[in-house]
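Residue numbers (numbering that gives the first Met the number 0), protein chains in the order written: chain A, 0 to 479; chain B, 0 to 139.
Each hint should be verified, as a subset may be incorrect.
Stated by the list, open to error - Negatives, chain A to chain B, calculated, CB over 12 Å:
| no. | residue |
| --- | --- |
| 1 | Ala6 |
| 2 | Asp99 |
| 3 | Asp110 |
| 4 | Asp129 |
| 5 | Gly197 |
| 6 | His248 |
| 7 | Arg264 |
| 8 | Asp271 |
| 9 | Arg272 |
| 10 | Gln283 |
| 11 | Leu317 |
| 12 | Ala370 |
| 13 | Ala393 |
| 14 | Ala457 |
Unchecked claim - Heads up, incomplete: computed chain B residues facing chain A, CB under 7 Å, no partners named:
| no. | residue |
| --- | --- |
| 15 | Tyr74 |
| 16 | Leu75 |
| 17 | Lys115 |
Claimed, not checked - List of simulated lysine to any residue pairs, SDA-like, C-alpha gap at most 25 Å:
| no. | chain 1 | residue 1 | chain 2 | residue 2 |
| --- | --- | --- | --- | --- |
| 18 | A | Lys260 | B | Pro10 |
| 19 | A | Lys415 | A | Lys120 |
| 20 | A | Lys260 | B | Gly59 |
| 21 | A | Lys420 | B | Ser85 |
| 22 | A | Lys420 | B | Leu8 |
| 23 | A | Lys260 | B | Pro61 |
| 24 | A | Lys120 | A | Arg218 |
| 25 | A | Lys420 | B | Pro61 |
| 26 | A | Lys420 | B | Pro44 |
| 27 | A | Lys415 | A | Gln447 |
| 28 | A | Lys415 | B | Arg134 |
| 29 | A | Lys415 | B | Phe54 |
| 30 | A | Lys415 | A | Trp438 |
| 31 | A | Lys260 | B | Pro60 |
| 32 | A | Lys260 | B | Glu100 |
| 33 | A | Lys420 | A | Gly135 |
| 34 | A | Lys420 | B | Gly121 |
| 35 | A | Lys415 | B | Arg18 |
| 36 | A | Lys260 | B | Pro58 |
| 37 | A | Lys260 | B | Leu122 |
| 38 | A | Lys420 | A | Trp438 |
| 39 | A | Lys420 | B | Glu9 |
| 40 | A | Lys260 | B | Ala90 |
Just so you know, the hints here were simulated from the structure itself, not pulled from any lab data. Don't be surprised by glycine CBs; every beta carbon is placed ideally from N, CA and C.
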Amino acid sequence: MTADQRAVPLVRESPYRFRIERHGKMRVPGVVFATEALLPRAGEDRSLEQVVNVATLPGIVGASYAMPDVHWGYGFPIGGVAATDVDAGGVVSPGGVGFDISCGVRLLAADGLDVARLRDKLSALMDRLDLAIPRGMGQGAVWRLSGPSELDEVLAGGARYAVEQGHGVPADLRRCEDGGVLAGADRGQVGRRAVQRGLTQVGSLGSGNHFLEVQAVDRIYDSVVADAFGLSPGQICVMIHCGSRGLGHQICTDHVRAMDKSMMRYRIELPDRQLACVPVESDQGHAYMAAMAAAANYARANRQLLAEATRRVFADVLGVQMHLVYDISHNMAKLETHEVDGSPRRLCVHRKGATRALPPGHADLPDDLRAVGQPVLIPGSMGTASYVLTGVPANPAFDSTCHGAGRVQSRHQAAKSVHGKELQHQLEAEGIAVRGGSWRGLAEETPQAYKDVDAVVAAAEGGGLCRRVARLVPVGVVKG
Amino acid sequence: MSTESGHRLEPHTADTRVRAWAPTREQCIAEAVAALVESFAQLRPGGEPGEPAEFDVLPGPPDELLIAVLDEIIYLIDTTGKVPSSAQVMADDGGLRVLLELAGRDRIEVIGPVPKAVTLHGLEFSGDERGWSCRVILDV
């Protein structure tokens with residue numbers, strides 16, 4: 000199917016960029032960064048309709064953007080970016096962040112360990128990780144908090160609080176987005192049910208598409224940047240993908256329900272209830288931003304604790320240390336200043352299944368990364384490659400890029416196409432050790448359910464969103 | 000609409016979509032609960048009877064009643080690690096009374112990702128004296 004035969008008409012602007020002209024209630028156009036082959040399949044995937052719906056949000060500026068891994072979500076597409084002008088009635092939409100607030104990726108690199116040295120001990124390492132990484136329903140967490148007051152500290156202090164309590168080293172925080180703690184968190188905006196869900200899950204993977212993967216650096220595209228990030232050819236790394244667990248989901252649920260009821264007060268009409276939103280500069284908007292920051296801090300502490308458990312296993316089994324390459328979220332709304340029509344504006348940038356990608360020289364980067372840009376971590380589908388990218392100047396989507404491979408098959412279709420046990424055998428035949436959560440959960444994450452991550456990343460680079468630094472290949476997977 | 004009761008899981012790219020139908024509003028909600036559970040867990044036969052639990056839902060339009068019940072079930076699963084092995088939903092003064100039996104880990108085989116939230120996207124719940132049906136997407 001070509002671009003102009005779709006239910007949502009697309010205008011091809013370049014080999015990597017398509018445009019949806021403004022129509023109906025759209026306030027801005029839609030812009031889809033993709034190649035023809037990566038465009039969502041009409042009929043099966045309604046994400047382009049969702050790009051159109053997002054373009055109706057009050058205060059949206061620039062365009063409603065879709066990254067090359069865009070796929071059908073609820074409300075916002077997954078792989079969507081939308082910025083609203085805070086000082087011109089721009090809204091914040093919890094659906095534009097997603098239920099799993101600050102879901103993200105953390106990459107650790109093992110000092111002096113390459114794949115050849117690991118091979119003999121891979122099975123023992125995976126068995127230990129299998130035991131050390133809690134995942135799935137009711138399986139507990141790495142960190143047993145003393146009670147609600149300690150959870151309050153996690154919500155306020157994020158990874159920084161975890162490090163202060165001995166779960167990591169201060170150097171970790173320099174390699175976390177926002178130094179590991181997002182300012183403005185308010186425990187008072189986090190409901191009782193969210194607290195209950197959060198008490199026993201700090202340091203747990205969850206399920207769905209979350210994972211911990213042992214990887215090897217397969218290729219370096221830019222050795223200067225890779226060196227600054229702390230990556231070398233053949234090096235063993237660990238990628239952790241997870242978020243704010245039940246607490247984040249409950250915060251999103253509570254605030255979407257509240258906004259769904261109060262939008263009338265702001266005379267906001269939307270084509271999809273899951274886009275429920277209020278002005279950023281309103282009591283409800285402030286309440287959500289404060290609760291979202293608390294959930295983001297929870298997510299960062301969660302990944303910090305999983306990193307600590309990983310480091311312990313690597314030290315015990317292999318006697319090696321691990322340093323943090325970076326920790327970045329891909330479900331967030333952030334207040335950022337960007338130039339719009341020639342003047343700087345305060346924007347609320349929603350990235351739902353999209354990653355911030357700061358260019359070299361950006362003031363928010365730590366000193367040791369300022370010359371090279373921000374590491375962007377792109378997990379591939381299970382059993383396929385992952386990427387480390389960096390930001391580039393003049394990014395056309397408010398310093399954003401893709402976040403993963405992007406689904407093309409439903410979980411249902413994926414689970415029907417292969418049995419989890421068969422998939423495990425296939426992966427192990429390719430030399431990838433697998434420790435699964437459930438057989439169907441494993442089957443639902445079969446690589447064929449996703450777009451080709453190599454093509455997604457090439458399209459993101461072609462669209463001027465980022466630049467490749469390193470490609471990683473899997474060695475072992477612990478599946479949530 | 001249908002005079003029979005049932006439920007099934009339908010394809011959705013990233014998450015789990017459930018569809019349920021039944022002669023009454025309350026039975027339809029109970030079918031949606033069963034679908035939610037079946038989306039990630041299988042109950043092993045036999046064993047101890049489930050632990051009873053109950054909760055009330057305040058009066059509201061049908062879609063809010065459905066959402067409130069599913070929200071509560073997800074909350075219970077996440078905070079207790081137990082799963083409803085049966086759900087009875089009764090009309091109660093405009094709202095609902097929900098009676099559950101919760102099965103512990105010894106009776107549950109987790110077969111897929113656990114639902115974490117109920118979305119409002121594409122939510123459908125309607126019916127009349129001829130029967131009720133609903134469609135809801137769950138975030139996993």
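Hints, verified against the model:
No beta-carbon of chain B comes within 12 Å of the beta-carbon of alanine 6 (chain A); the shortest separation is about 16 Å. With a cut of 12 Å on Cβ distances, aspartate 99 (chain A) falls inside the contact zone with chain B, its closest approach being about 7 Å. Every CB of chain B lies more than 12 Å from the CB of aspartate 110 (chain A), the least distance being 34 Å, so the non-interface label holds. With 12 Å as the threshold on Cβ separation, the claim that aspartate 129 (chain A) sits away from chain B holds: the shortest Cβ distance comes to roughly 16 Å.
Separation of glycine 197 (chain A) from chain B is inadequate, the least Cβ-Cβ distance of about 10 Å not exceeding the 12 Å criterion. The beta carbon of histidine 248 (chain A) sits about 4 Å from the closest Cβ of chain B, which is not more than 12 Å, so the claim that it is off the interface is violated. With a closest Cβ-Cβ approach of about 18 Å to chain B, arginine 264 (chain A) is found to remain outside the 12 Å limit, as its non-interface label requires. Distance check for aspartate 271 (chain A) against chain B: the nearest CB is about 6 Å away, which does not clear 12 Å, and the non-interface claim fails.
Not every Cβ of chain B is farther than 12 Å from the Cβ of arginine 272 (chain A); the closest lies at roughly 4 Å, contradicting the non-interface assignment. With a least CB separation of 17 Å from chain B, glutamine 283 (chain A) remains clear of the 12 Å interface cut-off, as annotated. Non-interface status of leucine 317 (chain A) relative to chain B is upheld: no Cβ of that chain comes within 12 Å, the nearest being about 31 Å off. Once the 12 Å rule is applied to beta carbons, alanine 370 (chain A) is consistent with being away from chain B; the minimum gap is 37 Å.
Chain B leaves alanine 393 (chain A) outside its interface by the beta-carbon criterion, the shortest separation being 31 Å against a cut-off of 12 Å. For alanine 457 (chain A), the requirement that its beta carbon stay farther than 12 Å from each beta carbon of chain B is met, with the minimum near 22 Å. For the restraint placing tyrosine 74 (chain B) at the interface with chain A, the shortest Cβ-Cβ distance is roughly 6 Å, inside the 7 Å limit, so the hint holds. Of the supplied interface hints, the one on leucine 75 (chain B) is violated, with its beta-carbon coming no nearer than about 10 Å to a beta-carbon of chain A, more than 7 Å.
Interface restraint check: lysine 115 (chain B) against chain A, minimum CB-CB distance 4 Å, threshold 7 Å, status holds. About 29 Å separates the Cα atoms of lysine 260 (chain A) and proline 10 (chain B), which puts this hinted pair outside 25 Å; it is violated. About 34 Å separates the Cα atoms of lysine 415 (chain A) and lysine 120 (chain A), which puts this hinted pair outside 25 Å; it is violated. With a CA separation close to 12 Å, the supplied pair lysine 260 (chain A) and glycine 59 (chain B) stays within the 25 Å bound.
Straight-line distance between C-alpha atoms of lysine 420 (chain A) and serine 85 (chain B) comes to about 30 Å, which puts the hinted pair past the 25 Å bound. Note on lysine 420 (chain A) and leucine 8 (chain B): the hinted pairing holds, with a Cα-Cα distance of about 22 Å set against a maximum of 25 Å. With a C-alpha separation of about 15 Å, the suggested pairing of lysine 260 (chain A) with proline 61 (chain B) holds against the 25 Å cut-off. About 23 Å separates the Cα atoms of lysine 120 (chain A) and arginine 218 (chain A), which keeps this hinted pair within 25 Å; it holds.
This hinted pair does not check out: lysine 420 (chain A) and proline 61 (chain B) have alpha carbons roughly 41 Å apart, beyond 25 Å. With a C-alpha separation of about 23 Å, the suggested pairing of lysine 420 (chain A) with proline 44 (chain B) holds against the 25 Å cut-off. Of the pairs offered as hints, the one joining lysine 415 (chain A) and glutamine 447 (chain A) holds, with about 12 Å between alpha carbons and a cut-off of 25 Å not exceeded. Note on lysine 415 (chain A) and arginine 134 (chain B): the hinted pairing holds, with a Cα-Cα distance of about 21 Å set against a maximum of 25 Å.
Taking the CA atoms of lysine 415 (chain A) and phenylalanine 54 (chain B), the gap is about 36 Å. The hint is violated against a cut of 25 Å. Annotation: proposed proximity of lysine 415 (chain A) to tryptophan 438 (chain A) holds, straight-line Cα distance about 12 Å (limit 25 Å). Restraint check for lysine 260 (chain A) and proline 60 (chain B): the C-alpha separation of about 13 Å stays at or below 25 Å, so the hint holds. Straight-line distance between C-alpha atoms of lysine 260 (chain A) and glutamate 100 (chain B) comes to about 32 Å, which puts the hinted pair past the 25 Å bound.
A hinted pair counts as satisfied when its Cα atoms are at most 25 Å apart, and lysine 420 (chain A) with glycine 135 (chain A) qualifies at roughly 18 Å. Our distance criterion of 25 Å between C-alpha atoms is broken by lysine 420 (chain A) and glycine 121 (chain B), whose separation comes to about 34 Å. For the hint pairing lysine 415 (chain A) with arginine 18 (chain B), the CA-to-CA distance comes to about 18 Å; that is within 25 Å, so the pair holds. The straight-line distance between the Cα atoms of lysine 260 (chain A) and proline 58 (chain B) is roughly 15 Å, inside the 25 Å bound, and the hint therefore holds.
Our distance criterion of 25 Å between C-alpha atoms is met by lysine 260 (chain A) and leucine 122 (chain B), whose separation comes to about 15 Å. A threshold of 25 Å between alpha carbons decides the hint, and for lysine 420 (chain A) with tryptophan 438 (chain A) the separation of about 6 Å falls inside it, so the pair holds. Straight-line distance between C-alpha atoms of lysine 420 (chain A) and glutamate 9 (chain B) comes to about 23 Å, which keeps the hinted pair within the 25 Å bound. In summary, the hint linking lysine 260 (chain A) to alanine 90 (chain B) is supported, as the alpha carbons are separated by about 24 Å, within the 25 Å threshold.
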